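Novice: Sequence:
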Amino acid sequence: MPRSRKVFKKRKGTFFKGRNITSSSNSTLDADNDVRCKKCDNGMDMQVLKNNSGLAISFVLKCCVCPYRVEFSSSDYHEGTQRATVNTRYVYAMRSIGRGAEAGRMFCALMNLPQPPTRFAPYNKRLLNAVKLVSEETMQKATQEAVLENGSNNNIAVAVDGTWQKREKFKSSQYGLQQGQDSNDSCFSSFAKWQNK
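First residue of the sequence shown: 88, per the numbering used here; consecutive thereafter.
Quick caveat, the hints were computed from the structure, so don't treat them as lab data. A few of these clues could be false.
What the hints assert, rightly or not - Straight-line C-alpha distance at most 20 Å; calculated EDC-like pairs for lysine to aspartate or glutamate:
hint, residue 1, residue 2
1, Lys219, Glu236
2, Lys149, Asp128
3, Lys212, Glu189
4, Lys125, Glu158
5, Lys212, Glu232
6, Lys228, Glu189
7, Lys212, Glu224
Claimed, not checked - Label-pair restraints from in silico Cβ distances:
hint, residue 1, residue 2, range
8, Val218, Arg186, 52 to 58 Å
9, Glu224, Ser183, 19 to 25 Å
10, Arg156, Lys228, 46 to 52 Å
11, Glu224, Arg176, 33 to 39 Å
On a predicted model such as this, the values are computed, not experimentally measured, just so you know. No residue lacks a Cβ here, since even glycine has one placed at the ideal position from N, Cα and C.
The task is simple: from the sequences and hints, build the whole structure.
Specialist: Here's what the structure looks like:
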């Protein structure tokens, strides 16, 4: 077992015990005075459910007198699933900074957040599908833009290895700037505009 996991297990649940976000002392409000029941106009009691889904927390407001009860979550859920969007965003954030589940658990423990989802695989699958969809749409838009700029001519050369970004009019070397022999003075991006000579 790596040292970070041992430290994490030893510290689990003891960080800032008095200021824990999900503790009933801080997360509950004085519902008897602040929130009133729709049916009988009496005070309501708020509880935090323990069966939370990763970083999503479920709350219950119960009337102190009648059986009226309202349940809500701190996060939306994906359509047709029980996967909270906050968990998907969490997995995406961890992947964006190059960290995984272990670093995420350590972060949540340090920040006094609920424990994150234990399995990344379902969220990775959902993220992969979203990235595929966005990349295909972006490529289609870029293709349409290039065809329109090329006078509706579909015969367009494409460089996908990034070499077009390395071509410059002036190339630097250890002796200073030298004029390059580049014959291509046009840019095909809508974000950068070069002047044709």
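Novice: Take the hints in turn and mark each one as holding or not.
Specialist: Against the structure, the hints come out as follows:
Among the hinted pairs, Lys219 with Glu236 is inconsistent with the structure: their alpha-carbon atoms are about 26 Å apart, more than 20 Å. Note on Lys149 and Asp128: the hinted pairing holds, with a Cα-Cα distance of about 12 Å set against a maximum of 20 Å. Between the alpha carbons of Lys212 and Glu189 the distance comes to roughly 19 Å, so the proposed pair stays at or under 20 Å and holds. Restraint check for Lys125 and Glu158: satisfied, since their Cα atoms lie roughly 14 Å apart, inside the 20 Å limit.
This hinted pair does not check out: Lys212 and Glu232 have alpha carbons roughly 30 Å apart, beyond 20 Å. The suggested pairing of Lys228 with Glu189 is violated, with an alpha-carbon distance near 38 Å, which exceeds 20 Å. This hinted pair checks out: Lys212 and Glu224 have alpha carbons roughly 19 Å apart, not beyond 20 Å. For Val218 paired with Arg186, a C-beta distance near 18 Å fails the hint of 52 to 58 Å.
Roughly 20 Å separates the CB atoms of Glu224 and Ser183, a value that falls within the hinted 19 to 25 Å. A C-beta distance of roughly 48 Å is found between Arg156 and Lys228, which places it inside the suggested range of 46 to 52 Å. Taking 33 to 39 Å as the suggested C-beta distance range, the pair Glu224 and Arg176 does not conform, at roughly 21 Å.
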